[in-house]
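Novice: Listed here are the chains, written in short residue letters.
Number of protein chains: 2
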Amino acid sequence: MKDRIHNFNAGPAALPLPVLEEIKDSFLNFAGSGMSITEVSHRSPWFDGVINDAIERVKRLLKLDDQYHVLFVQGGASMQFCMAPLNFLSDGRSADFVNTGTWSTKAIKEAEIQNKPIKVVASSEDKNFCYIPQNIPFNKDAVYVHLTSNNTIKGTQFETLPDTGDVPMVIDMSSDVLSRPLDMSKIGMIYAGAQKNMGPAGVCMVILRKDLLDLVPDNIPSMLSYATFANKNSMFNTPPCFTIYTIQLVLKWIEETIGGLEKMDERNREKAGTLYDFIDNSGFYKATADIGSRSLMNVTFRLPSEDLEKSFVAEAIENGFGGLKGHRSVGGCRASIYNPTGIDAINDLVSFMKEFEKKS
Amino acid sequence: MKDRIHNFNAGPAALPLPVLEEIKDSFLNFAGSGMSITEVSHRSPWFDGVINDAIERVKRLLKLDDQYHVLFVQGGASMQFCMAPLNFLSDGRSADFVNTGTWSTKAIKEAEIQNKPIKVVASSEDKNFCYIPQNIPFNKDAVYVHLTSNNTIKGTQFETLPDTGDVPMVIDMSSDVLSRPLDMSKIGMIYAGAQKNMGPAGVCMVILRKDLLDLVPDNIPSMLSYATFANKNSMFNTPPCFTIYTIQLVLKWIEETIGGLEKMDERNREKAGTLYDFIDNSGFYKATADIGSRSLMNVTFRLPSEDLEKSFVAEAIENGFGGLKGHRSVGGCRASIYNPTGIDAINDLVSFMKEFEKKS
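As given, the protein sequences belong to chains A and B, one line each in that order. First residue of the first sequence: 70, per this note's numbering; consecutive thereafter. First residue of the second sequence: 70, per this note's numbering; consecutive thereafter.
Just chain A, same shape as in the assembly (with noise of 0.2 Å):
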C-alpha cells in the first residue's frame, strides 16, 4: 500500500496535507512556545492567535460584517439540533423546518423532544429524499426556517437557498461550509461540524447573526447558551484547542493556497462534474440523486448489483481508495469529496471505475 490513501470518507475526512504535514512539524514545539499545540494553555496569546486568526479568517472567506459572531461549541451539529431551539424558541412561537434527509429528521425529532413547536414545511421522504423540494411553503410568522444545505447519506444540496422572505434561516451546513461563496442576506445562523471541509471531529463552528441573541432565555445552562459562547469568545470553559487549530490552518489554506471561496467554488464544481459526467455517461454507474438536486459534496451512486458493489468497494480498498461505501442505513456507493479532496484523487478515482467496469 501508498503511504497514503486517497481518502473519500464521509467525515472524518481528507484534510489537505499541507495543513498535516505542518501540524507534525509544528507538534513538539508550536510557534517557539516549547509546548505541543496540545499542551498550549487557552489562557495564553498563543491560543489567542489560533482562534482569533481562525476567527478573522472565516469572517473574509464568507464576506461577514460585524453583525456575525463566529463561535465554536463542542458536541458537533447533533448538540446544534438541540441548542437551537432551546435558544430560539422560548417564547411559544414556532419555527419552520424541511425534511431532506437523515439529518434534517434528526434535527426536528431533538425539537420536538423539548415541546417545542415546529412546522415541517416540506420533505422530499416521498421519494426517498431524492431531491430537494421547491417553492415551499414558508410561513410568515416563524421564527426562523431550518434547513440541511447538504445531505451527506442521500447525495443531494441546495443548489440556491430558498425565499424564506423576512425569515432568517437557520442552516446545517457540515458538509459543505466553505465549500462555495455564500449570500448572508437571509441567514440568522449557521453550523457546521469540522469534520468534512473544516478540520477534524470535534467542534462545531456556529455563525450567528447577533440580534437572534435577543431569542435566548436567562434560564438555560451555560453550556447549552449562544450568549455564554459569544460572551466569552467561546472560551467560557476550555475549548477544543487543537481542533480549532487545525481549522485554523485548513481556513489559512483556503485562503492563501486555493485563493477563497470562488477558486474553491470552481475547483468543486470541476471535481463533482467530472465525477458526474463520468457516471451518467456510463450504463454501468448510476447517481442516486435527481439532477439539479445533487451534491457537490457527497456523489452518490449504485452498481448493477450489490455483489458488484461490495467487490466495488473491496477493490478499491485495494488499490488505495478509501470510504466508498455507502452510508449503512441506504447502502450503494458514495464518494465524499470534500474542499481538501484534489482533482487528481477524482481523475485517479474515475481511471479505477472506469477499469473496474471493463472487467466486471
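Just so you know, these hints were derived from the structure itself, not from any lab. All figures in this text were calculated on a predicted structure; none of them were measured in a lab. The reader is advised that the hints may include incorrect statements.
Copies of the same chain are indistinguishable here, so a pair counts whether it falls within one copy or spans any two.
Computed list of lysine to aspartate or glutamate pairs in EDC-like fashion (alpha-carbon distance at most 20 Å, straight line) [claimed, not checked]:
#, residue 1, residue 2
1, K279, D376
2, K321, E90
3, K255, E387
4, K93, D72
5, K185, D287
6, K175, D235
7, K178, D287
8, K196, E424
9, K301, D117
10, K332, E228
With chain A fixed as given, assemble chain B onto it according to the hints.
Specialist: Same frame as chain A, but now just chain B:
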C-alpha cells in the same frame, strides 16, 4: 530557549513526551491506514480499536467491573455540571453538593439554573476555600452527593473521600483522575475533562455506574442523555477522535511505562512532597492550602509581595518554566504537576526557586 519547556500549566497541561512523539511519528499514516488519525472514520476498525482499547485500559487501571460504563462526552466538565442534574434529578428528589471552590460553585449554579432541588451541605467559603470540609452532614435521602475531588484554583484536594453512606457520589475528578488508586465502592459517577491528567482539551471522560441510568428521563435531548452515550459506545454522533486517541496513548503510558496507579501515586507523592517540603522549609515561599487539605496536583503558594510574584513568574518563563502564575481569580503562584510532569521538572523548579530566593 530550549526546545521544550517545563510546563506547569493548570490545563491544558503537559503531556508525556513519548506520547507526543508517537502522535507525531504516525501523524500522516495512522496504523498503516494511509490516513492521519484526524482523517480516519469513527466507523472503522481503526477507531474502534482506539476507543475500545482506551475503555479497557481505564477499566483495568481503576479496577472497574461490568457495573460501569466508560463514556466520552464533549463539552468538558462544564457540560457535566448541566448534564448530571438534568439526568439524575427529574423526579423531584434532591442532591447534596459540597462547595470547595470555583468549580463546585459553578456545578451548583448549573443545577440551580435548571430549578433542580439541591442542598449545599458543606462549604469552605468562610476561609476562601483553603481547606476541605470534614464531618459533612449528608442527607440520607439525597439522590447523589456531588464533590469536586481536587480544586485546581485553590490547591486543595480530598485526601480521602467522605463516607456518604448509601448515597452514591458523583465526583468532578477533572484535575486528579487517574493520579492515584480509587475505591469505587461508593461512587456512582466520575467525570473528568481530559486536559489535565489525560490528554488534550476536547473531551470529558464519564465513568457511570449502570444503575444510575434508571434515573435518566426519556424526554431530554439525545446529546444531553447519558443513555445515548451508554447505548452507542459514545458514538451516537462523531466523537472527537484525535482527542480520544491521545487519551488512549496516555493511558497506555500510565499502564505500561509508569506501571499503574499505585506507581503513579508514589510518583505524584514524591513530586508534591518535594515541592511542599521545600516551600514549608523556606521563610520566603508560603503554601496557601491548609495541611491535610493540600492538593498533590496543584501546589499554590505566595511570595512575600505581589511585585516579587510578578518577577518570579517572569524570570521563571525566561528560564524555561511555564504556567506558574496563579489563577487570575486568586493571584499568587501555582505549579500544576499532573501525571505527565516528571520529578526532574520538580527538582529543576526547586533549584530555580532557591536561586530566586537567594538573590531577592
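Novice: Are the hints correct? Go through all of them and say.
Specialist: Hints, verified against the model:
no. : hint        : result
1   : K279 x D376 : neither (52 Å within a copy, 42 Å between copies)
2   : K321 x E90  : within (14 Å within a copy, 26 Å between copies)
3   : K255 x E387 : neither (46 Å within a copy, 51 Å between copies)
4   : K93 x D72   : both (15 Å within a copy, 15 Å between copies)
5   : K185 x D287 : both (17 Å within a copy, 16 Å between copies)
6   : K175 x D235 : neither (26 Å within a copy, 39 Å between copies)
7   : K178 x D287 : between (24 Å within a copy, 13 Å between copies)
8   : K196 x E424 : neither (32 Å within a copy, 76 Å between copies)
9   : K301 x D117 : within (12 Å within a copy, 35 Å between copies)
10  : K332 x E228 : within (17 Å within a copy, 60 Å between copies)
In summary, the structure is inconsistent with hints 1, 3, 6 and 8 from the numbered list given earlier, while agreeing with the others.
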